[in-house]
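Based on the hints, put chain B in the right spot on chain A.
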Amino acid sequence: MAYAEQAETEALHEPKSFLTKYIWSQDHKVIAIQYSLTALFVGLIAVVLSDLMRLQIGFPGSLAFMDANTYYQAMTMHGMIMVIYLLTALFLGGFGNYLIPLMVGARDMVFPYVNMLSYWFYLVAVLVLLAGFFVPGGPTGSGWTLYPPQSITKGTPGVEWGIVLMLVSLAIFIVAATMGGLNYVTTVLQARTHGMTLFRMPLSVWGIFMASIMALLAFPALFVSAVMMLFDKLLGTSFFMPAIISLGQQLNHQGGSPILFQHLFWFFGHPEVYIVALPAFGLVSDLISTHARKNIFGYRMMVWAIIAIGVLSFVVWAHHMYVSGMNPYFGFFFAVTTLIIAVPTALKVYNWVLTLWRGDIHLTVPMLFALAFIVTFLVGGLTGLFLGNVIVDIPLSDTYFVVAHFHMVMGVAPVLVVFGGIYHWFPKVTGRMFNDTLGKLHFWITFLGTYAIFFPMHYLGFQGMPRRYYAYENYAFIPQSAQELNAFITVVALTVGVSQLLFVFNMAWSVFKGKPAGSNPWGAASLEWQTPNTPPIHGNWGAKLPVVHRWAYDYSVPGIEQDFVPQTVSAEELEQMRQLSAGTKIADVKT
Amino acid sequence: MNRLLLRNADDADPGGSWNRDPEGIQTAADRSRTARVGLRLFLAVVSSLFFLFLLAFIARSQMADWLPLTDPLAPLANPWPLWVNSAFLVLSCIALQWSRMAARQDRLDATVMGFVVGGVFAIAFLTGQVWVWQQFVAWGYFVASNPANSFFYLLTGVHGLHLLGGLIAWGITVVKFLRHVPLPQLRVSVELCTTYWHYLLGLWFVLFALLTSTPQTYEAIARFCGLR
Chain A
14 MAYAEQAETE
24 ALHEPKSFLT
34 KYIWSQDHKV
44 IAIQYSLTAL
54 FVGLIAVVLS
64 DLMRLQIGFP
74 GSLAFMDANT
84 YYQAMTMHGM
94 IMVIYLLTAL
104 FLGGFGNYLI
114 PLMVGARDMV
124 FPYVNMLSYW
134 FYLVAVLVLL
144 AGFFVPGGPT
154 GSGWTLYPPQ
164 SITKGTPGVE
174 WGIVLMLVSL
184 AIFIVAATMG
194 GLNYVTTVLQ
204 ARTHGMTLFR
214 MPLSVWGIFM
224 ASIMALLAFP
234 ALFVSAVMML
244 FDKLLGTSFF
254 MPAIISLGQQ
264 LNHQGGSPIL
274 FQHLFWFFGH
284 PEVYIVALPA
294 FGLVSDLIST
304 HARKNIFGYR
314 MMVWAIIAIG
324 VLSFVVWAHH
334 MYVSGMNPYF
344 GFFFAVTTLI
354 IAVPTALKVY
364 NWVLTLWRGD
374 IHLTVPMLFA
384 LAFIVTFLVG
394 GLTGLFLGNV
404 IVDIPLSDTY
414 FVVAHFHMVM
424 GVAPVLVVFG
434 GIYHWFPKVT
444 GRMFNDTLGK
454 LHFWITFLGT
464 YAIFFPMHYL
474 GFQGMPRRYY
484 AYENYAFIPQ
494 SAQELNAFIT
504 VVALTVGVSQ
514 LLFVFNMAWS
524 VFKGKPAGSN
534 PWGAASLEWQ
544 TPNTPPIHGN
554 WGAKLPVVHR
564 WAYDYSVPGI
574 EQDFVPQTVS
584 AEELEQMRQL
594 SAGTKIADVK
604 T
Chain B
11 MNRLLLRNAD
21 DADPGGSWNR
31 DPEGIQTAAD
41 RSRTARVGLR
51 LFLAVVSSLF
61 FLFLLAFIAR
71 SQMADWLPLT
81 DPLAPLANPW
91 PLWVNSAFLV
101 LSCIALQWSR
111 MAARQDRLDA
121 TVMGFVVGGV
131 FAIAFLTGQV
141 WVWQQFVAWG
151 YFVASNPANS
161 FFYLLTGVHG
171 LHLLGGLIAW
181 GITVVKFLRH
191 VPLPQLRVSV
201 ELCTTYWHYL
211 LGLWFVLFAL
221 LTSTPQTYEA
231 IARFCGLR
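Each protein sequence line maps, in turn, to chains A and B.
So the first sequence is numbered by the numbering used here: it starts at 14 and just counts up by one.
So the second sequence is numbered by the numbering used here: it starts at 11 and just counts up by one.
Just chain A, same shape as in the assembly (with noise of 0.2 Å):
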């Protein structure tokens, strides 16, 4: 394509100091580990959260300075974080930003400069939320939902600095993705190298492909909700605040609609939850057909998959909403559409197994993550479908069955597949291999791990333990039998917390220390293990673009030495190879 041609011709903001190469880089993989630091940083600081909140649970006042108000904190900051702050910004801007042109065999994002601006923006929305903390009053404590009317109102933690800044800091984010979103989007559609067809790109591409345009039109939801709900705090409007008495008093509001803020935040929250997702899938359909060293099974029903499950992701958002006293007419559509999308969202998994099957399964790191990740979200998904129908929801609702759900498909099963893709990327992002043992020393602590945490919350849940208690001794329909799951659940969630830093451990000593990986040390087909330097230099591809001639997925293919192709192989080449290991092979039997 001309804009391939072109950019074999042209020289691409080359960095000329150390300031612009690792600093206000505009090079899409320093971006992209820029993007992941900062996402893994503030995501540690949201594990230490839960387990700050685990601990108050398991061990009711062990924390002197833990009382409600800062329980709650804990709480609204742990979700905001993970869910926005570590998941989508790993997703879209680490893998992303890495993935995509390498995929796709371009030098660089399209539009490089609003790419570094993005990250930027990113940082500057992180240290907004993160002042939240040393203001008065601290961060807001209203719950990641951040429903009005208590999370502008008097008596919740941090209604009068932690509030503003959360919103501000979510409005920058918005834009943030929005810049980068952009450009992922318009990379993927004007960049892609000869003979790269959106058939041919990787289901990582694919996935996260869907998700930047889901992204792109869900955050303004989130948006809207934000600035409309700051001029309700700020302004003294009444956009969502109904009128209302707070301590004794009657507020300056009236007749706003506080349902109304319900359906703009889960017009995004829901989509949200498959932005997160999405890459999820693609990352994981990769790692296992790579792993398990055969193609992936049913290729363009995943690619279909994935844009049914991006089309429906906007037509359930209510399901989220079902005892907030909407029209029972209402449940019953969005319980009906969001059992539509579990049908594509199965599919994938049978897929996935389906390319298992037979196929030549290496238990590699990354593998056992992605093995992890297809056990966890049918979990997560198959305790969705309780909760998607209303009449199972309403008794669970706001129980810890509900914690276990979300836990179970956006948080553990994502969280497995960030770990699963950074382990398998790697080597490529910094040319060395790092620790299998203590990779695998991780893997077992945390898989095992997060299963004896959020597997008992069912049962919990069930017990009818409610969620968003600050403590929950001396209450009568909690049986002390749940209190000695609860001080369990703690222990485990501490050992699960303190076994990341053998995965940061791992990382740092093995980016010095790590043993050479060579190019392409799992035998993928992919092109981003076909550049000429690894890791890749600035511009990836060296004089010229690579040419595309077949799919990512060609492994275990008879009658060659490797058993695999590359992408970058043509028919006529493969030929060669086919007669070159013939020829091999008579040589063999003749000697």
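What the hints contain is simulated information worked out from the structure, not anything from laboratory work.
Note that this is a predicted model, so its numbers are computed, not measured.
Every residue, glycine too, gets a C-beta built ideally from N, C-alpha and C.
A couple of the hints might just be wrong.
Stated by the list, open to error - Listed next, the stretches of chain B that the computed footprint assigns to chain A, with coverage defined by at least 3 CB atoms under 8 Å from CB atoms of chain A: (1) 43-57; (2) 67-75; (3) 148-161.
Said to hold, decoys possible - In silico DSSO-like links for lysine-lysine, alpha-carbon gap of 30 Å or less: (4) LYS186(B) - LYS34(A); (5) LYS526(A) - LYS29(A); (6) LYS167(A) - LYS246(A); (7) LYS453(A) - LYS526(A); (8) LYS34(A) - LYS557(A); (9) LYS453(A) - LYS186(B).
To be verified - Okay, the calculated beta carbon distance ranges per label pair: (10) LEU514(A) - PHE234(B): 48 to 58 Å; (11) LEU514(A) - ILE133(B): 55 to 65 Å; (12) LEU140(A) - HIS208(B): 48 to 58 Å.
Same frame as chain A, but now just chain B:
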């Protein structure tokens, strides 16, 4: 099952109806096309943003405390200032369109003239909008006094901010003109600014129509959307 799996394994390159070989579209795809695609995507995002604002507007308008701005004694009973502002924006778009056409014909002077005049009219539009805000304040129609007022300030404000963003791009391009950057290098900027302006004009008329509609219209839209 075995046969099914093997058949799939043989289907090594699915190709398909979207199997568009990039080499086949060489003539159309260039860098300016990429910028245009980027802008269109951005306009889709802006559309999503305003669509959601307008849905919120319609939903909120059905509450009992809504006092229409088109009431006989309200500021928009006679919206002539908004018509004047609209005329500024229309003139701005005409000038930019003229500039775009001149740029396509490599007429530098006409391009610069149209481009600068277009921007000046856009600034006039924004100034007019601020003047309308001042009139609202003078009439006692503050941002928090009624949801109808709140939405008026919010929607016109967000629209104005988008135009202000466009004016930054416009300003950068004007500086480049002053530095005698050759026209072929600036043609894309002129094209993109013009497209963006046209979009904002269309959007403004949607906002204008909605803000000056009667409660009966809001009710009809709300019923149509299932919001009532």
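A quick look at each hint next to the structure:
no. : hint                              : in the structure
1   : 43-57                             : holds (count 8)
2   : 67-75                             : holds (count 5)
3   : 148-161                           : holds (count 4)
4   : LYS186(B) - LYS34(A)              : holds, 27 Å
5   : LYS526(A) - LYS29(A)              : holds, 28 Å
6   : LYS167(A) - LYS246(A)             : holds, 11 Å
7   : LYS453(A) - LYS526(A)             : holds, 18 Å
8   : LYS34(A) - LYS557(A)              : holds, 22 Å
9   : LYS453(A) - LYS186(B)             : violated, 57 Å
10  : LEU514(A) - PHE234(B): 48 to 58 Å : holds, 57 Å
11  : LEU514(A) - ILE133(B): 55 to 65 Å : holds, 56 Å
12  : LEU140(A) - HIS208(B): 48 to 58 Å : violated, 37 Å
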